[in-house]
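We have chain R; now place chain D onto it with these hints.
Note that the protein sequences, when read in sequence, are chains R and D.
Oh and the first sequence: position 61 is 686 in the numbering used here, straight run, nothing missing.
Oh and the second sequence: position 49 is 674 in the numbering used here, straight run, nothing missing.
Just to be clear, a hint being listed does not mean it is correct.
Identical copies look the same in the list; a pair holds intra-copy or inter-copy alike.
[Stated by the list, open to error] Simulated pairs of lysine-lysine, PhoX-like, Cα-Cα distance not exceeding 20 angstroms: (1) Lys730 to Lys705; (2) Lys883 to Lys867; (3) Lys836 to Lys813; (4) Lys813 to Lys787.
Simulated from the structure, these hints should not be mistaken for lab results.
Protein chains: 2
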Amino acid sequence: MQIKDIVIIGSGNLATNLVPALYKAGKNIVCLYSRTIANAKILAVQCNAKYTDIIEEVPKNADLYIIAVDDKSIKEISEKINDVKGIIVHTSGSISMNVLSSGIKNFGVFYPLMTFSKLNTVSFHNIPICLEANSSRVNIALYKLAKSISKTVVEISSENRKLLHLAAVFACNFTNLNYSIAEDLLEKNQLSFDLLMPLIRITADKVQNGKPSELQTGPAFREEFGVMNEQSDELMDLPEYKEMYDLLSKLIISIKHKND
Amino acid sequence: MQIKDIVIIGSGNLATNLVPALYKAGKNIVCLYSRTIANAKILAVQCNAKYTDIIEEVPKNADLYIIAVDDKSIKEISEKINDVKGIIVHTSGSISMNVLSSGIKNFGVFYPLMTFSKLNTVSFHNIPICLEANSSRVNIALYKLAKSISKTVVEISSENRKLLHLAAVFACNFTNLNYSIAEDLLEKNQLSFDLLMPLIRITADKVQNGKPSELQTGPAFREEFGVMNEQSDELMDLPEYKEMYDLLSKLIISIKHKND
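Okay, chain R solo, but in the shape it has when bound (with noise of 0.2 angstroms):
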């Protein structure tokens, strides 16, 4: 079971970051499916694929099909594939392996673990990418594919992906709405938001050397109340952010005494 003749479905912000990630590793993109047949049409070009809105025109003899759809179109689109010889997987972290397993013979799980844009294309070497496959054989040829764009590749089960990708949330999505929220408060004040810039590059590069449960700092660290309480109500007229100043706070105190 080797990997070489690829077909990508989607043409969202994975697949733009993928395909070009795939092609490079010397990989065969034969064709591109998405609804949006001009996003289809933009990648192709990256690639040298055939391109196509048509489910139905989706060649049957490719090795892998990659699905990077949004998480609610996955089943319905594998199983209007399941008709395939080779591998299908699908690329989410919140979604089990076997919302695939209707009909399909070799399948498995294709998720890199990380915040894609289509602006920003990123290089996958960095990328974990974390595999789950239900034969050992699917498993070995993914982890070879994995290995060809990534350093990082880990076996990880549907639950313990689930898992990571809710870590995640709070390390990406829940840390960005931090730095959104300073943005607007600066903002409302005329003041720049770049005057955080080395403060949020230090705060990231601290962990990677470091365990953030003993970087804590600030003042609900400190436990300074006096100042806890002059910032809740610096967020008076912004209830939603007083709102959840005065949960993290409580939250890092509690985090804190914890172990007490």
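Coordinates of chain D only, in the frame set by chain R:
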């Protein structure tokens, strides 16, 4: 008004990072005061300074006195040295400059916008220093000093400094809380926190060149209520995390629709 001879009051995280930066910039640290004499000594040997734990022994003729102690001790300390000729500054994000006004002639604020720890000392070159002064003469002297250690020096009022500090709590302290919760969720399930490192780094990198409010991703932003309910349920046994997950998800959606 020129600043050459400097007294440092305090030996905590900030002093530990600031002293070597000033010393390297050719400033003369004439004395280090700390209630904890051992800490003062550690810093003093790095810059050939005297050190003491007796406030009355602090020399009266220095050009600048930098108070780098916890917020609640600033006023008390400043009143003990209010008979000196030189400028007295505090270094806090959340305390008004005027806390120093009682009997002091030349005073201001010297607030480096960064999170400091004793273990990882950081270069001051990229750290924004926020200044406030009670006269333009003091302002010019502080500006020159700040510029000798950092490329970014800004004048900021007490009110705006407090706001900047509040924004920093979101961008740094709350962000680290998110990292910490992610770490905890993974450790509880024997998964390595290292898997999130590339994601954490990219999330911080992206806002260096883009607006976080335009970079939000994740289940809440995509309004995938099925995924959100499942993730919230996964936190059933961790009610504090669940409360935070629900609140922040709600907030992401609310911000998304703010400009509808």
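Evaluated hints:
1. Lys730 to Lys705: Answer is within; shortest intra-copy Cα gap is 14 angstroms, inter-copy 80 angstroms.
2. Lys883 to Lys867: Classified as between; 17 angstroms across copies, 24 angstroms inside a copy.
3. Lys836 to Lys813: Between copies only: 14 angstroms across chains, 34 angstroms inside a chain, cut-off 20 angstroms.
4. Lys813 to Lys787: between (37 angstroms within a copy, 14 angstroms between copies)
Checked against the numbered hints listed earlier, the structure breaks none of them; every hint is satisfied.
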